[in-house]
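Construct the entire structure; sequences and hints are all you get.
As you go down the protein sequences, you meet chains Y and F in turn.
According to my numbering, the stretch in the first sequence is residues 1 to 81, in order.
According to my numbering, the stretch in the second sequence is residues 1 to 525, in order.
Calculated from the structure, these hints are not laboratory results.
Warning: the hint list may mix true and false statements.
Mimicking DSSO-like on lysine-lysine, the simulated pairs with C-alpha atoms at most 27 Å apart in a straight line are [unchecked claim]:
(1) F:Lys-415 - Y:Lys-34
(2) F:Lys-493 - Y:Lys-33
(3) Y:Lys-34 - F:Lys-411
(4) Y:Lys-5 - F:Lys-325
(5) Y:Lys-34 - F:Lys-325
(6) Y:Lys-66 - F:Lys-248
Where chain F lies over chain Y, by a calculated footprint (3+ residues, C-beta under 8 Å) [as the list claims (entries may be wrong)]:
(7) 2 to 15
(8) 36 to 49
(9) 57 to 70
From the derived model, a few chain F residues whose C-beta atoms are all more than 12 Å from chain Y [unchecked claim]:
(10) Lys-237
(11) Lys-254
(12) Ala-344
Model, not experiment: these values are computed from the prediction.
Note that beta-carbon positions come from the ideal geometry of N, C-alpha and C, so glycine has one too.
Chain by chain, the residues run as shown.
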Amino acid sequence: MNQIKRFAGILWMLLGPAAVYYLVKTAATEIGKKPVLDTKIQWAVFVVVFIPIAIGMVIFGWYAFKGEYDHLPENSDELIN
Amino acid sequence: MFKCLFWRKFKADFQYMTESKGIWKVIGASSLGTLIEWYDFYIFGSLATVLASQFFPKTNPTAALLSTLATFAAGFIVRPFGALVFGRLGDLIGRKYTFLLTLVIMGGSTFAIGLIPGYDSIGFLAPVLVLLLRLLQGLALGGEYGGAATYVAEHSPNHKRGFYTSWIQTTATLGLFVSLGVILLTRHNLDADRAKSIAKFNDWGWRIPFLVSIVLVVVSIYIRLKMKESPLFEKLKTSGSRSVNPLKESFGHKVNLKMVLLALFGATMGQGVVWYTGQFYAQSFIENVCKVDFDQSRTILIWAILFGTPFFVVFGSWSDRVGRKWIMLTGMLLAVLSYQYLFAQLLDTSDPKAKQELVEKRQVQQSATLIANSADSLRKTVTKSFFDDEMVQVETKTDTVYADASRTTVKADIKVAKTLGSSDYWKMVFIVFVMILYVTMVYGPIAAFLVELFPTRIRYTSMSLPYHIGNGVFGGLTPFIATLLTTIYTGDKLVGLWYPLIVAGLCLVIGVLYINNRVDPKIDD
Numbered sequence: 001m002n003q004i005k006r007f008a009g010i011l012w013m014l015l016g017p018a019a020v021y022y023l024v025k026t027a028a029t030e031i032g033k034k035p036v037l038d039t040k041i042q043w044a045v046f047v048v049v050f051i052p053i054a055i056g057m058v059i060f061g062w063y064a065f066k067g068e069y070d071h072l073p074e075n076s077d078e079l080i081n
Numbered sequence: 001m002f003k004c005l006f007w008r009k010f011k012a013d014f015q016y017m018t019e020s021k022g023i024w025k026v027i028g029a030s031s032l033g034t035l036i037e038w039y040d041f042y043i044f045g046s047l048a049t050v051l052a053s054q055f056f057p058k059t060n061p062t063a064a065l066l067s068t069l070a071t072f073a074a075g076f077i078v079r080p081f082g083a084l085v086f087g088r089l090g091d092l093i094g095r096k097y098t099f100l101l102t103l104v105i106m107g108g109s110t111f112a113i114g115l116i117p118g119y120d121s122i123g124f125l126a127p128v129l130v131l132l133l134r135l136l137q138g139l140a141l142g143g144e145y146g147g148a149a150t151y152v153a154e155h156s157p158n159h160k161r162g163f164y165t166s167w168i169q170t171t172a173t174l175g176l177f178v179s180l181g182v183i184l185l186t187r188h189n190l191d192a193d194r195a196k197s198i199a200k201f202n203d204w205g206w207r208i209p210f211l212v213s214i215v216l217v218v219v220s221i222y223i224r225l226k227m228k229e230s231p232l233f234e235k236l237k238t239s240g241s242r243s244v245n246p247l248k249e250s251f252g253h254k255v256n257l258k259m260v261l262l263a264l265f266g267a268t269m270g271q272g273v274v275w276y277t278g279q280f281y282a283q284s285f286i287e288n289v290c291k292v293d294f295d296q297s298r299t300i301l302i303w304a305i306l307f308g309t310p311f312f313v314v315f316g317s318w319s320d321r322v323g324r325k326w327i328m329l330t331g332m333l334l335a336v337l338s339y340q341y342l343f344a345q346l347l348d349t350s351d352p353k354a355k356q357e358l359v360e361k362r363q364v365q366q367s368a369t370l371i372a373n374s375a376d377s378l379r380k381t382v383t384k385s386f387f388d389d390e391m392v393q394v395e396t397k398t399d400t401v402y403a404d405a406s407r408t409t410v411k412a413d414i415k416v417a418k419t420l421g422s423s424d425y426w427k428m429v430f431i432v433f434v435m436i437l438y439v440t441m442v443y444g445p446i447a448a449f450l451v452e453l454f455p456t457r458i459r460y461t462s463m464s465l466p467y468h469i470g471n472g473v474f475g476g477l478t479p480f481i482a483t484l485l486t487t488i489y490t491g492d493k494l495v496g497l498w499y500p501l502i503v504a505g506l507c508l509v510i511g512v513l514y515i516n517n518r519v520d521p522k523i524d525d
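And the structure:
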């Protein structure tokens, strides 16, 4: 199971940039189709909000790949130290 | 001897009853305030069209810009920010005063929105004030939930944490229920004549749901003021082991950050989209795609919520015995597997092609009004069709009749509103109820799950952020992204479902792989 968790980490790391690429591409296309202020703001909000989340996904993937989730903390001593 | 045993049993029973009474006070005080906060947050969304006409005239681009900002910024940017601000405060000064503060901010903002004069009276100041107050609402909501869930969990016995926190979980749905109810009641009771009542509501009656909020907030503040601080936080305070910098401890240390990321991608992200699809998108789909009329599209949701809400407690309580993980993930799995079918059923139920029209009953009314300074006129054709299963469809077609007979309207404006017959109405209630059942599975146990992931000293901060990104960003964007997809890919009416399906599917896989099903035996750490 731990091997699957680690290999899946590569997938999560790739998913972050792939999602951002798709998002920015769609945003550019849609703004190009209808270049009004509403469309621009709407897509700008989507891009601004989702980029940090995509970065979080890459970090999550990296942790998974490094085996950080092989064992989950059982108590706070493991979390705080 | 016998007397001694009896006395001991009596004392134990009395202590249990007192403790039990205490926990219900805690739940009551926390839930009432949280319910009011959700109510305050939703009435703005539910009255978006009316508010737009009062404060954000489309003819003015700056006002329209402020409207877009109010819609998007409050729900999606400010909520996670509020989670950070108030989460930090809650871990530094305590849960009680923090979620008291969020309630005051939320209640004050809502009441103030109800008092702002319209754009016609004070111009730009009106939309600017509404935007600011809406941002404050988002900020307060971001801080409320984590506080209430933490507060209840930290009062709960270990073996009943899922059960007791599930009462907090009912508040988001009940807040929506109350907001829909208050709006419908106000809309229909301002005049004996329905049309006049709706006109009055759109003119000034919309302020009532905002103003009513202050009464509820004052009662809730009074109750919360009488509550004591969470015992676990008090213990931390007394021992001097409170966190000095909760933000740094929560997100700056790998050991805790990895749990925050796991909570987001393995639980709250999927929970958010299932929550919003089963309630908001379902209602929006019934109204805008199935074309069911304003009142029915809302009462369908109201009934489904009423039948579905007890299941938050059922699944929360069950999670104490079988663990949180598989209940939440089963909810996501069922949603992924059945959404396409359920939404297709909603479409079929309201499709006139599947019904027999009673042609002899059809009524057609036509009227024309001259367009000012023109020889052309505007023709309005209202066709009322009756069907064998009691469904009534009203189609209003507006086109221009040109004085020059060689010209015709390129695209007439057609509006359709259907009133469902009794059996179709209840069928839709059942379909939405099934979707709300999934909501109760993913949402019922999640407060206990999040509380158990993090230690007391940084719990408020650590659980609030993944919750509000999952629920506010992933979930809150569901109706917008789903509707956006239907405008990009116009051929498929169900294409909007791909967003919740992908997000919930991804969350399901991550949850299955990485989350464990352990119920934390004690959170006093």
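Here's how the hints hold up against the structure:
Of the supplied pair hints, the one linking Lys-415 (chain F) and Lys-34 (chain Y) holds, its CA atoms being roughly 24 Å apart against a limit of 27 Å. A threshold of 27 Å between alpha carbons decides the hint, and for Lys-493 (chain F) with Lys-33 (chain Y) the separation of about 21 Å falls inside it, so the pair holds. As the CA atoms of Lys-34 (chain Y) and Lys-411 (chain F) are separated by approximately 20 Å, the hinted pair is consistent with the 27 Å bound. Of the supplied pair hints, the one linking Lys-5 (chain Y) and Lys-325 (chain F) holds, its CA atoms being roughly 17 Å apart against a limit of 27 Å.
Pair hint Lys-34 (chain Y) plus Lys-325 (chain F) does not hold up; C-alpha atoms about 44 Å apart against a cutoff of 27 Å. Simply put, Lys-66 (chain Y) and Lys-248 (chain F) have alpha-carbon atoms about 22 Å apart, close enough for the 27 Å limit, and the pair holds. Interface restraint, the segment 2 to 15 of chain Y with chain F: holds (5 residues with C-beta to C-beta distance below 8 Å; minimum three). Look at the segment 36 to 49 of chain Y against chain F: 8 of its residues bring a Cβ nearer than 8 Å to a Cβ of that chain, three or more, so the hint holds.
Check result for the segment 57 to 70 of chain Y against chain F: holds, 7 residues qualifying (beta carbon to beta carbon below 8 Å, three or more required). Its beta-carbon lying about 16 Å from the closest one in chain Y, Lys-237 (chain F) satisfies the requirement of being farther than 12 Å from that chain. With a least beta-carbon separation of about 7 Å from chain Y, Lys-254 (chain F) fails to lie farther than 12 Å from that chain, contradicting its non-interface assignment. Here Ala-344 (chain F) stays apart from chain Y, with its beta-carbon at least about 25 Å from theirs, past the 12 Å limit.
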